[in-house]
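Number of protein chains: 2
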Amino acid sequence: MKYHNISNYNFIYSNRGMGLENDLNQANKYYLDKNIAVIYKKPTPITINKVNYKSRSDAVITEARFKIPSTTDYNGIYKGKYIDFEAKETKNKTSFPLSNIHTHQIDHLRKIVNMGGIGFIIVRFTMLNQTYYLNGKELFLFLDNENRKSIPLSYFKEKGYLLKEKLRPLVDYLEAVERDLR
Amino acid sequence: MKYHNISNYNFIYSNRGMGLENDLNQANKYYLDKNIAVIYKKPTPITINKVNYKSRSDAVITEARFKIPSTTDYNGIYKGKYIDFEAKETKNKTSFPLSNIHTHQIDHLRKIVNMGGIGFIIVRFTMLNQTYYLNGKELFLFLDNENRKSIPLSYFKEKGYLLKEKLRPLVDYLEAVERDLR
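Sequences listed follow chains A and B, in order.
Note that our numbering has the first sequence beginning at -14, numbered continuously upward.
Note that our numbering has the second sequence beginning at -14, numbered continuously upward.
Since the hints were derived computationally from the structure, they do not count as laboratory data.
Treat the hints with care, as some may be off.
Pairs involving identical chains hold if they fit within one copy or between any two copies, as the list cannot separate such chains.
[To be verified] Computed list of lysine to any residue pairs in SDA-like fashion (alpha-carbon distance at most 20 Å, straight line):
id, residue 1, residue 2
1, LYS142, PHE110
2, LYS149, MET112
3, LYS149, LEU113
4, LYS76, THR29
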């Protein structure tokens, strides 16, 4: 039974690195500042069990647990349209293990796309330093036709869109969305 | 220094009752099940300071604090369009105190409406058992023209839309959205 601070915690606990998350937060801030889009990462879903408080402004949660997310992590608005996506990192060099995404997150993305929203995933292959955008339709096509536990890198290369590192924002994923909208 | 369980906590700490929140969760579940809309309440934003974990599945947050939300609580998609709103209860019988909504939540709603999204607030006057929908434009019109610290009930009656209690869902706020879209 050990206590760790949050940076250690994220490093050890989460299979999703902070690198991509930081890049996306930076991109979202850029989009917001430039009045391009309003997209946020949702807070981590938790169940709060105990709160120790003296006053309204000084409440400390002393017991809470992580919940399995029922939706994706990111959503917002771009050109009046609803945007929704999940972002993941993998250390794998040849494929993206589907165990990284919860089934109900995929189901959620399907609902979004069916309703006319823009749904996609962003996957970073950290060892290759490559970040791909894959739109929902191509993702579902793979899932529905291939009986595999991972999406090969080649599929991202063929059906996805490599997000080349830019100066600002570093990961300009709306460029890929824009390409899809055209 | 006292410990309370979460139901007590919400009752005492939050000025926003659970009644409206429960009704909206029920409505959102109904919309989701009927394939009408995909709208969720965002998790409460917190800053996690300490996590005690033995394994991935058995992590307990032992120290966290509430963060001031930078966005509204609810968002999602309806008919391809982006939907965003804040919901509040008040015990006041004659007006809705604006101190109930953070300034950056209002700013957020302005950005959404400017981008072509559907933004609004839902306010329940618990003592009157009346729940109103007020669209963003009418809200901003009031805020920009009236130098007041609260929105009088009469404004909701005149410019808003009274959400009559239905059987299912109890609070059918998309009815009001639909009226606005027409």
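- Out of the numbered hints, which ones does the structure contradict? 4
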